[in-house]
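K.L.:
Next come the chains, spelled out residue by residue.
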Amino acid sequence: MLLREVEYARPASVEEAVALLAGHEGARALAGGQTLVNVMKARAAAPEVLVDLNGLDELRTIRFSEDGMLELGAMATYAQVIASSEVDVARPILAEVVATIGDVQIRNRGTVGGNVCVADPTNHLPPLLVALDARFTIRGAGGERTVAAEDFFLGVYLTAVGEGELLTRISVSPASGAGDGYAGVTLGRHGTYLANAAASVGLDGSVRVVLGCVDAVPVRARQVEERLAGSDFSEEAVRAAVEGLGATLDPPSDVHGSADYRRSLAEVAAVRAVLEAASRRKEAA
Amino acid sequence: MTVVGTPIKRREDEALLRGRGSFVDNLTLPGTAYMAVVRSPYPAARIVSVNLDAARAAEGVIAAFSGADLADEWAGPLPCAWLVTEDTKNPPHYPVAIDVARYQGDPVAVVVAESRALAKDAAELVEVEYEPLPAVADVEQALSDGAPLVHEELGTNECYVWKLETDGIQAAIDAADVVVTRRYRQPRLIPNAIEPRGVLAQVGPTGDVTLWSATQTPHIQRFVLQLVLGIPEAKIRVIAPDVGGGFGSKIQVYGEGPLAIVLARRLGRPVKWTEERSENYLGTIHGRDVVHEVTFAATKEGKITAVRSEAWCAMGAYLELVTPGIPLLGAWLYSGPYEIPNYSVTFTGVFTNTTPTDAYRGAGRPEATYVLERTMDALARELGMDPVELRRKNLIREFPHTMASGLTIDSGDYHASLDRLLEVLDLDAVRAEQAARRERGDVKQLGVGFSTYNEMCGLAPSRILGAIRYAVGGWDSATVRFQPLGSVQVVVGTSPHGQGHETTFAQIVADRLGVGVDEVEVLHGDTAISQLGMDTYGSRSLAVGGIALWQATEKVIAKARAIVAHQLEVSEDDLEFADGTFRVKGSPDRSMDIKAAAFAAHAAHNLPDGMEPGLEETATYDPANFSWPGGAHAAVVEVDTETGDTRLVRYVAVDDVGRAINPMIVDGQVHGGLAQGIAAALYEEGVYDAEGNLLTTTMATYLVPSAAELPSFETDRTETAADNPLGVKGVGETGTIASAPAVVNAVVDALSHLGVTDVPLPATPERVWNAIQEVRS
Chain L
1 MLLREVEYAR PASVEEAVAL LAGHEGARAL AGGQTLVNVM KARAAAPEVL
51 VDLNGLDELR TIRFSEDGML ELGAMATYAQ VIASSEVDVA RPILAEVVAT
101 IGDVQIRNRG TVGGNVCVAD PTNHLPPLLV ALDARFTIRG AGGERTVAAE
151 DFFLGVYLTA VGEGELLTRI SVSPASGAGD GYAGVTLGRH GTYLANAAAS
201 VGLDGSVRVV LGCVDAVPVR ARQVEERLAG SDFSEEAVRA AVEGLGATLD
251 PPSDVHGSAD YRRSLAEVAA VRAVLEAASR RKEAA
Chain H
1 MTVVGTPIKR REDEALLRGR GSFVDNLTLP GTAYMAVVRS PYPAARIVSV
51 NLDAARAAEG VIAAFSGADL ADEWAGPLPC AWLVTEDTKN PPHYPVAIDV
101 ARYQGDPVAV VVAESRALAK DAAELVEVEY EPLPAVADVE QALSDGAPLV
151 HEELGTNECY VWKLETDGIQ AAIDAADVVV TRRYRQPRLI PNAIEPRGVL
201 AQVGPTGDVT LWSATQTPHI QRFVLQLVLG IPEAKIRVIA PDVGGGFGSK
251 IQVYGEGPLA IVLARRLGRP VKWTEERSEN YLGTIHGRDV VHEVTFAATK
301 EGKITAVRSE AWCAMGAYLE LVTPGIPLLG AWLYSGPYEI PNYSVTFTGV
351 FTNTTPTDAY RGAGRPEATY VLERTMDALA RELGMDPVEL RRKNLIREFP
401 HTMASGLTID SGDYHASLDR LLEVLDLDAV RAEQAARRER GDVKQLGVGF
451 STYNEMCGLA PSRILGAIRY AVGGWDSATV RFQPLGSVQV VVGTSPHGQG
501 HETTFAQIVA DRLGVGVDEV EVLHGDTAIS QLGMDTYGSR SLAVGGIALW
551 QATEKVIAKA RAIVAHQLEV SEDDLEFADG TFRVKGSPDR SMDIKAAAFA
601 AHAAHNLPDG MEPGLEETAT YDPANFSWPG GAHAAVVEVD TETGDTRLVR
651 YVAVDDVGRA INPMIVDGQV HGGLAQGIAA ALYEEGVYDA EGNLLTTTMA
701 TYLVPSAAEL PSFETDRTET AADNPLGVKG VGETGTIASA PAVVNAVVDA
751 LSHLGVTDVP LPATPERVWN AIQEVRS
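As they're listed, the protein sequences go chains L and H. Counting along the first sequence from 1, when you hit position 215 you're at 215 in my numbering, and nothing is skipped either side. Counting along the second sequence from 1, when you hit position 578 you're at 578 in my numbering, and nothing is skipped either side.
Hints were generated in silico from the structure; no laboratory data involved. None of these values were measured; they are calculated from a predicted model. Where a beta carbon is used, it is the ideal one built from N, C-alpha and C, also for glycine. Please note that a few of the clues may not be correct.
Covered stretches of chain L (in silico footprint by chain H; criterion: 3 or more residues with CB under 8 Å from a CB of chain H, positions within the stretch not fixed) [what the hints assert, rightly or not]: (1) 133-146; (2) 178-192; (3) 259-267.
Here are the in silico distance ranges between beta carbons for each label pair [unchecked claim]: (4) L:Leu203 with H:Gly384: 53 to 63 Å; (5) L:Glu163 with H:Asn51: 29 to 39 Å; (6) L:Leu203 with H:Val704: 50 to 60 Å.
Okay, chain L solo, but in the shape it has when bound (with noise of 0.2 Å):
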């Protein structure tokens, strides 16, 4: 492993993480380092600090809030919400999804505020987040604020986390009798994906549905969400309702799969996201 020179920091606290992120222009944050660590081997990123947050278990916990609002800590790895009653009760969706991330020895390193502050289009969680309406809490200088996520991906690789900033925790609300959904095709079993989808239909029968992979953050179908309201969700229906959705997209190709392949997987993950989204709402009601 031949990376460039780099200082190395390990806060104790979060203050702390955020002053030294502040403090240096070149800082990174280094959480699980699945893929950070990776460019910085490949000499395609140089951070002049590496601020790691390993040390800072505040940011690892999994709680609900007095508001009863699921709360993933940033550093909590795949492994802990897999685990995770309070996921399992709440928005089982979230460990179902991560426990199909990489395999065992990533899943005890990589972090839930890793993969999406990572913004890679391909990773696991940015639809699926968009998809459950997440807020994401930013931390500063200057205190705390808090992003919706559909405002959190700005871009490949950006984030609505800025420059001395640290994502600290991703907050759900819990299903209350919706059903979630996701759908798509991996690189090989456990990789990043070739498109994927993510649904989530409440009891009310209000839907939404994110495509990842087909733009530079998480686009949200909203014809196929205003077609769906209302309906049966019966496979036609959802079939019908998403007709038409791959051209209206415009995704990358790349050596894995051309657009015109993206846009038809696209149509296919989202009406499966659905249909799952669908059949699990019925049976939590």
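We have chain L; now place chain H onto it with these hints.
P.N.:
Coordinates of chain H only, in the frame set by chain L:
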């Protein structure tokens, strides 16, 4: 007490599993300096200038050199040992390019520093001025008119044309009831040994050289190093310590070895180089990259009458050690396990601006087997015949069998393997499930695919190698040495890098000598200890080296017998040897064990007149024939017809590898081989863009499957004895050779009711989806 045939644990594993293996990168000598290689980012470029000033001024840098700086160091270019025709073009290839870089990754400069990290930092400061040249990466484009020339001075990108043809092939095709012609593209594969390459070079006070190398071929390295450096072989020692996989990619004598030696000599310090993973993708040989056009002719009853294959094979930018010969290793396998009377195979070697190709697990044989077994299914469809029945109808029945192509298969029972396969598979149940899913119109459809195969390995009879212009022989050697107090030292000329030779060879010797398996120590991989050997590749170590070992053991027993006969004052013929003891026939109380004979041999107090002291024998074995494993494989896949996503759900392999010395090691070889063939079928593809840039340079883009992608393999064996004293056949490559066509045949089978007849390699989700779209539109 026999250990042959039992799955004893590998003696190699404890140290490896505890992290106590000794790989090249773990070795450091006092004063070691570290080398970093600067590589061309361009697929083709004239090197206008190389400015090393900034690199030389950087922290910790000892020296930096361009290719021109080092040009006088080479006694000769890096040689190719297999120029397959008289006029095979072999342009000079030096460890560091001098005027022109011809592929992305071609070394253009080198930096030596006090640490590996400092060397890498300084390498980034080397300023090379390039004049980019047009490049070509695709074999077919490289042969088209006006294509950029990889080597301007050759005037062509064609390296050679090699042909093997029986008389009357065209007449046989013309006379056939059914003719099927298919085209296949087998993409580039990147071997990805988990330990990348590495060397550590030391030059002694008399100019003697020691090179520790992550190699499969210490003996071949030594030989080639003399040619490149002009240092006599007798002064060169090559040591392959623990080597973490090779799959053929560590056979070659790469430039970095001689380079490290030259730098060690110039700088007066040991020099070490360890390849990075990303560097490995560019700088280590690739495999495959072949386009085939294959024609089968058959009667309407399904008897195959002729096979004709033409193939265009990428050489890459230069010829590595055996690059042109790789297709030839498959040249006799286009009729496979079938009796086909008319035969024609043509290979055209083609230079492209890409990393050189060379041996990758199977080397030529997976290429042949793939087009053969895919075309068997195509022919079955054409004939309206079940693919298993078509195979059964054409499988060779009697052995030894001389093929139309001229070589003789010593042993086999292909029908037995196929019968056993169908039993283990429970084909009727699989077909019933497939029918039910089709009936219901399930999104996920099931397919089953077959591959009945044989292969030729155990390289090889030296005379045949000579006849096909391979530069050296195919024998191997072994020494068996009794120490005075009865332990046994075995020295072999093969060089394991994961195969478990220490265990397997100890089993053979222990059984034959009647000593404990733990009393047998196996030494290898150091040319100072093992003077003679042809190393490990082509599934040869047991089939060739193991027989040499058997013969050396027999010679030891013969000498011990003479000593015992002398001491017991009986005739040698009156002695029988079993379980480590010589007994006088009819007087079993008169006996002497072999360890006592060993002590007597060393004490030399009472030996037959004229006998030399000591009990040590060496044997060299040159096989009379190749080794011919074979078998029958089946894959069951599930294909998502909406997304093209394909999952392998079952894989059944029934192989005939002759006698299994250690069944666990045999299973391990089969498992690893299958994984690499399945990888080629579904996941792996080295992709160059049209300009010659390698797009798949990490494991995020080049998809090496892990256990998660693979089902639990169902392996079984049928056994026919090979024509050698141990009855053994090679097993290292069978899984890779047989599996890719079985898997792709299964994918096509899953979609055959929709009208799909082909899916290109690898059958990625998009390619499968495309195949479905094509028949639906």
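K.L.:
State for each hint whether it applies.
P.N.:
Cross-check of the supplied hints:
1. 133-146: violated (count 0)
2. 178-192: The restraint on the segment 178-192 of chain L holds, since 7 of its residues have a Cβ under 8 Å from chain H and three suffice.
3. 259-267: The restraint on the segment 259-267 of chain L holds, since 3 of its residues have a Cβ under 8 Å from chain H and three suffice.
4. L:Leu203 with H:Gly384: 53 to 63 Å: For H:Gly384 against L:Leu203, whose Cβ atoms are near 56 Å apart, the range 53 to 63 Å holds.
5. L:Glu163 with H:Asn51: 29 to 39 Å: About 36 Å separates the Cβ atoms of L:Glu163 and H:Asn51, which means 29 to 39 Å holds.
6. L:Leu203 with H:Val704: 50 to 60 Å: With Cβ atoms ~45 Å apart, the hint is violated.
Of the numbered hints given earlier, the model fails hints 1, 6; all others are met.
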